[in-house]
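Asks: Using the sequences and the hints, build the whole thing.
Protein chains: 6
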Amino acid sequence: MVVCLGELLLRLKSPGKNRLLQVPFFEASFGGSEANTAALLTALGHPTSFLTVLPDNDLGRSALGFLRQSGIGTSLVALQPGRMGLYFLEEGALGRPSQVLYDRDNSAFALVDPEWSVSLPEGTRWLHLSGITPALSERSMLWSHACVQRAAQVGASISMDLNHRTKLWKWGQPPEKVLPRYLGHVRLLLSNETDLHSALGAPYEIIDPQNPEGSLRRNAERLFQSFPSIEALGVSLRLSRGAEDNSWAGALVYRNGDLFFSRTYSLLPIVDRVGAGDAFGAGVIAGFLEGMSAQQTVELAAALGAIKHSIPGDVCLVQRDEVERFLKDQSGRISR
Amino acid sequence: MVVCLGELLLRLKSPGKNRLLQVPFFEASFGGSEANTAALLTALGHPTSFLTVLPDNDLGRSALGFLRQSGIGTSLVALQPGRMGLYFLEEGALGRPSQVLYDRDNSAFALVDPEWSVSLPEGTRWLHLSGITPALSERSMLWSHACVQRAAQVGASISMDLNHRTKLWKWGQPPEKVLPRYLGHVRLLLSNETDLHSALGAPYEIIDPQNPEGSLRRNAERLFQSFPSIEALGVSLRLSRGAEDNSWAGALVYRNGDLFFSRTYSLLPIVDRVGAGDAFGAGVIAGFLEGMSAQQTVELAAALGAIKHSIPGDVCLVQRDEVERFLKDQSGRISR
Amino acid sequence: MVVCLGELLLRLKSPGKNRLLQVPFFEASFGGSEANTAALLTALGHPTSFLTVLPDNDLGRSALGFLRQSGIGTSLVALQPGRMGLYFLEEGALGRPSQVLYDRDNSAFALVDPEWSVSLPEGTRWLHLSGITPALSERSMLWSHACVQRAAQVGASISMDLNHRTKLWKWGQPPEKVLPRYLGHVRLLLSNETDLHSALGAPYEIIDPQNPEGSLRRNAERLFQSFPSIEALGVSLRLSRGAEDNSWAGALVYRNGDLFFSRTYSLLPIVDRVGAGDAFGAGVIAGFLEGMSAQQTVELAAALGAIKHSIPGDVCLVQRDEVERFLKDQSGRISR
Amino acid sequence: MVVCLGELLLRLKSPGKNRLLQVPFFEASFGGSEANTAALLTALGHPTSFLTVLPDNDLGRSALGFLRQSGIGTSLVALQPGRMGLYFLEEGALGRPSQVLYDRDNSAFALVDPEWSVSLPEGTRWLHLSGITPALSERSMLWSHACVQRAAQVGASISMDLNHRTKLWKWGQPPEKVLPRYLGHVRLLLSNETDLHSALGAPYEIIDPQNPEGSLRRNAERLFQSFPSIEALGVSLRLSRGAEDNSWAGALVYRNGDLFFSRTYSLLPIVDRVGAGDAFGAGVIAGFLEGMSAQQTVELAAALGAIKHSIPGDVCLVQRDEVERFLKDQSGRISR
Amino acid sequence: MVVCLGELLLRLKSPGKNRLLQVPFFEASFGGSEANTAALLTALGHPTSFLTVLPDNDLGRSALGFLRQSGIGTSLVALQPGRMGLYFLEEGALGRPSQVLYDRDNSAFALVDPEWSVSLPEGTRWLHLSGITPALSERSMLWSHACVQRAAQVGASISMDLNHRTKLWKWGQPPEKVLPRYLGHVRLLLSNETDLHSALGAPYEIIDPQNPEGSLRRNAERLFQSFPSIEALGVSLRLSRGAEDNSWAGALVYRNGDLFFSRTYSLLPIVDRVGAGDAFGAGVIAGFLEGMSAQQTVELAAALGAIKHSIPGDVCLVQRDEVERFLKDQSGRISR
Amino acid sequence: MVVCLGELLLRLKSPGKNRLLQVPFFEASFGGSEANTAALLTALGHPTSFLTVLPDNDLGRSALGFLRQSGIGTSLVALQPGRMGLYFLEEGALGRPSQVLYDRDNSAFALVDPEWSVSLPEGTRWLHLSGITPALSERSMLWSHACVQRAAQVGASISMDLNHRTKLWKWGQPPEKVLPRYLGHVRLLLSNETDLHSALGAPYEIIDPQNPEGSLRRNAERLFQSFPSIEALGVSLRLSRGAEDNSWAGALVYRNGDLFFSRTYSLLPIVDRVGAGDAFGAGVIAGFLEGMSAQQTVELAAALGAIKHSIPGDVCLVQRDEVERFLKDQSGRISR
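Residue numbers (our numbering), protein chains in the order written: chain W, 1 to 336; chain X, 1 to 336; chain U, 1 to 336; chain H, 1 to 336; chain D, 1 to 336; chain S, 1 to 336.
Careful: at least some of the hints might be erroneous.
All copies of an identical chain are treated as equivalent in the list; a pair is satisfied when it fits inside any one copy or across any two copies.
[Unchecked claim] Using 20 Å as the maximum straight-line C-alpha spacing, the simulated SDA-like pairs for lysine to any residue come out as follows:
#, residue 1, residue 2
1, K177, A146
2, K170, L239
3, K17, F261
4, K17, S335
5, K170, S247
6, K170, P81
7, K17, S29
8, K167, A202
9, K167, I334
In short, the hints are calculated from the structure, not lab data. Remember, predicted model here, so these are calculated numbers, not experimental data.
Replies: What follows is the structure in structure tokens.
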């Protein structure tokens, strides 16, 4: 059982390439980094449970239905008074970037009772969370940190996706102060080419996706020195030539210095890039859970992230056999 | 110039008769009691200006565009950091009621600086607001009360629509404590058959729309005694036989005891009942501004409210000549 | 073979009950009185051919596809340079009437060459047209009048639906001057409760649909006196209590004074009332072509008109066996 | 635990009031009598599990997601090769009836292995099925009959909704031959005003919903004599004045002759009448499971059926507290 | 007159790039290889007639309307009891392939009476069919084979598009056994780069679209030796770099060894690749019918296939003059 | 204050990549070259006013609302009887070009009274128009020419975008006769790579966007000689490799021979290319109004045109700070 901890959001997207409210409709779906990872882990065959607070209203109940539909366990979901976290999304095109407008302050999740002492279910092997949760509020930081400690105590592996979001982190303390408390428990750290630099500060370098090896190694070395619990660092590498035109690959660095790169995907035109990193993370976690080789793991993770770019919404809606076929053939020939 | 003060909301409605998130879309539009009244007053030929705070983001800027499109003056709109007030709407059918899910806590409007001292434009003859504003937050109460005082000082008439909302009023003080501070300045009070009772308490009676006269007169008498500035009370009278099957009429009571009823409209099937009271209010205000007779005024107001039931969205999108034709002929025969 | 002569229009309707351009979409379909009648006659089993001019562009070619799809013969359709006739439609609700905004001036049809001498196909038993064609332009009047004369010469029966449209008739001559030239050839005249009065003037009375007999008889008598070719007058009788709440029936008066009424349908809520008169006309024509009894004819015609109110678009999309079932049972019980 | 046995269908509905393929879109949702009942029982607070065969393809997997989303247990769902059962739906209006076009022959469910010996989960108190399953194929008849026998053996109560469908029953044997084998095990029989007559033949009378008592009592007496296991007969009573204009009520007859009627609901305009009988059935079953009084039971059942008419789709998407409010107040006043 | 024989399908496509049922809608249209070819041949100016069986229900009648709208003759269409053949389509993106889910077993077409002896209309110069028809059922194989024999007897040219579909061919015999019976009558054989290999087995090679000449010549030689009636082999050559990123060209080989290549089109982003091969086939047939040169023929065919990639749906909706302009200019500059 | 003179059109676009009326919907928006420029100038911070005639009907009033929403002044808009100018748009893909079908003959604008003597508002620094207006009708030519003369008299700068449209210019005189009357007053001339050649004839060369300098210099020289008032020539340079695959850049030539090129943008896949030239023009005008350097001006103009390709509709909906960011970074990385 993998427990994923995080906030589930209602995503409200302007249709097609329209600017926000250019046409009077929103496409609604649910998402959020940790839920995206949970849904994909479930689809890959790993039982998951989602640990969160949802508002006790019609939006929260719909969100709960989404988790159930995805096959994610919901026994750790608390329905509390409060509001649903929202995010408005405008899809970019050409050189115009996608825009995320967060509207999640004071959500039921952000107002979680820090004293809520969650009992992790028996058989919890893994706890996954992201750097978004401590960014939201002091309460969500305190509570999630306690959850991590408890999971570590019962012997669960901890994975964390740094997932740095500049528009969050408004509650008082900066990430470089807060995150180390988590990293001391983490076994697998996930990030993208800029996360370490943005979240933990200047000693960490931004990785050039076209020439990643040096900075990647230096970042990993520094990380492994500072946080002895970390076994491996998974990094998604995106080169953005335009909102719909990216290169995409993954890397995996181990404490012993071994470094593995996936093949590189050239993605044009991208359908929806949100959630690609979460899909990458699900792949790395699945590799660990299944005892895959490092090369297999990074290839699976990168492939899942690549596939995510072809699917609307936050979640990488894909089945295991599709992924296996994709790993062998990316020609996209019609199946009939 | 009529200044309308209030919060503009982004309305997110489930399409058709679907329950919230039954289908993954929202129809988006802007509305809010005072803006609805402002838009209709403008359409009827009265220059208006909207006094509000909107968030300084893409949602707030779209809201501003809505006001401009409606022909409402926007020189009194402040763009401030914060969030947009939202409301989710699920349309009822048969005996299943429409549901409003407010998500407007901590909006840029609710967090208005109480010290913001607004300069009303020259030529401001009238200030309109509703009981929703003091319900939202202490800040919006303090600020709006100061605006009312200032308007009264410069000789503007004040109209207030009680618009009682049970789901609001969470900031600390109850309406019966707060509203009298406003009513001391009000010239025209607007309400529906239950507002006075719900907002100001038991001495006021709920009006039976099928037999309104007695309770209406008693309510009015009590009101005129308590608040000497009030010249007239406009009341919309709705009998709800089902979510889409209502009767609708209006009444107007003057301090001298004169009581005028409009004709009664039988409405089935209703397209959208939100904003009917705001349309009624616009009609009464227009009657006052144009010096119509009381009977003409209440007929105009009730007709506007009736027409609103046939139009999707919060706003009664109608032109003056259409209203004139409607007052003469409600047969709905196609025009070609 | 029934030849139907008239203009085919592209109809652009605001979705649902929205006011024109309230939402930025139009539902597009094809229609027009005579095409509506042709489509239904075809569905009832009578071969038809449409005689018209369409613009030689993508819109005209789509219109041609619509005729073909409906099974209507297209060998009499001329593609000419020019524009497509359009009409914008806003659907009414409650007491707010539906609005038709014609945009058909200078269409390829209105600019038809009056000298175009159409060869009616062998086997043409019937020519149907409406009062809309002479209303459009002098050219369409001259040309259609010549067509009527030619059809009469080859022994075809002529039916005409008066279909008076106040918003048309702008080219110079009034209907009461123009229409008699047609009526001298007509065998079957179709109209609604106001058409004769509006198109031919005061001596003709508006018929009260709740008490139709007297005025109907007087109108018919006057008509039969003036136009000896007319054998029968078919009249649809609509009582409008609201845009979606009508009563509907039909009457048929013969030269010998025999008068037949259909049953009366109570229609609430109406889906789309446009084209109901055209469906009524198709029913009367079918009755004549099939030698039905007068009572059967008027019942068929009224039923078709009633059914049309339940179907979106201009055309009464119904099959013969459905009509037969409807004539026996209007309970609307689900069929499964 | 209530086990519901039946086929889950993909419903493809023409949008709005459009005739089938009048516009090139289908609204897709899942439904089917027994799944509708299961979903509502779950929403009312009773754990359920769905016993069915779904095709092992993307449609079947989506159907499985629908069950999970609804909170229905899926451990008894078998994924087998084959096709998804479909039904096409055209919504009626006025006197034009809704049309169901079944396309479910040779579905994975209809081809169920009759030898599939299902292990009912521990704690199975109740098995619910409908007369649709034996109508589909000999295989589904044989298999479902065996399931009923097994459930009876383990002491579960059996409820059956006759749900007669004229368009089915094509595999060879007529319902009056087949159904008695089931009825010998049934504790609670559900039906509408015509089911007994249509499914079991002439000795049973069609019930006049406006004067139901006599025929209802005679039907019940005959039924209780023939099938000693039946404790009660629940009957939904619909009077159809038009596709969107019905009266609706429920009755409950007990073996001792006690007869209970619910209040009667006048329903206009109906949103979606499909699934109302299934909602009625869920209400009766819930009444039995909760030990409600007979009057409470029939009122709950009829209310759920009435509410269903206001909700698009097959399923009565309602929460328990909404039902409680509805039982007290059907005015449909907006909640805000 | 070109007679096209095959099954017409209702295509149900998930909107945009959504996975099947990710959003609850389907876009509905009609298509099928031979109908696609017929529609385009008609648009190019060649009279066609479609020879098929459609179900005698609302779906079949809509399909008939589609044929009429396309200008295809329908006198050879039989309406029979049965079901409509369906296919569900999920559009691929990037490396995720489009998915076709066939649901056409036991369709009215698959159940065609093998004894149905069709009278080909006078003036039938050409009969076109595809390898899909014999793949569907033994009945459709027997019947279509008889049709081919009859057409050959009356001197019509036969063209066949191999159109190999791995997901079909389930009725018992493999394609390499069945197809040779047809090929003995064929004058023009159409295929893609893999069809010959997949359908007729290993001696035929898969053609590498980037280096096609060798294998193409060897395949052709083998084919011409085995089937003396075949005059020419048309081959569409697709290189798939991703679901939306293909290269596309055509080749034409004659019995005398002459080999002609079209120019190569680089297609990114593809709108809808379904039906491109059918459009290619229509081009080759049109070239033969019009006596074009081989080079002109293959250029026309490849251009039509290229254009198809830019048009949603199965059918290449294009007019002759557009094709002529496209052959001269593929810059895609806006025309205004 | 910048006054923009031109016709505002209702644009009716087929959804997505569908051919015209392939699906029965149109996306409706407002646009037109000069209004597009006005809207963007307003968004960039320059007060504008639109000088036009709109029809006095619901379409014209909606158009007025669009102008207001965009923040454009409407005091110079005349509502007159007549029709709304329309254009139908079909979006191209791959080598299939976008198609514009104009339906603007006899619009209220085309029938403007040539004697309408407009009073330009005080503070009018600039008048902008395009070559479309004189192309529409003799009346619009005479009137707009008088407007230009008047603006020149009051010292306003005149900019003109040649915007040559082959499908217009049907009223009698060719552009090369008409346009010089305007060019004698123009300070800033805008055009694309073919406009000068198409509108003013052979001495002007078509500019090769891949090697523009020579022809650009020769064109400019000729122009500056002929029209001494022209200070600068702005040229947008588009290379079309396909409907969605273009290169885009801008050039600016001054009377003194100075020539400035912007960076070149590679655009794939284009969202909507309509209005890119208008956005380019707005950028050049803004550069002049703000006294930017030539290089800054041409970079701003080209960037605005590039951004326009990423936005649906006619108008470049962008804010100043977005443009500034875009000038620094075109990577299109998501902002969150």
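Asks: So, for every hint listed, does it hold in this structure?
Replies: A quick look at each hint next to the structure:
1. K177 to A146: within (16 Å within a copy, 44 Å between copies)
2. K170 to L239: Cα proximity of K170 and L239: none, with 28 Å in one copy and 46 Å across.
3. K17 to F261: neither (33 Å within a copy, 29 Å between copies)
4. K17 to S335: between (28 Å within a copy, 15 Å between copies)
5. K170 to S247: neither (32 Å within a copy, 42 Å between copies)
6. K170 to P81: between (23 Å within a copy, 13 Å between copies)
7. K17 to S29: both (17 Å within a copy, 15 Å between copies)
8. K167 to A202: within (19 Å within a copy, 48 Å between copies)
9. K167 to I334: For K167 and I334, the Cα distance is within 20 Å only across copies (12 Å; inside one copy 41 Å).
Checked against the numbered hints given earlier, the structure breaks hints 2, 3 and 5 and satisfies all the rest.
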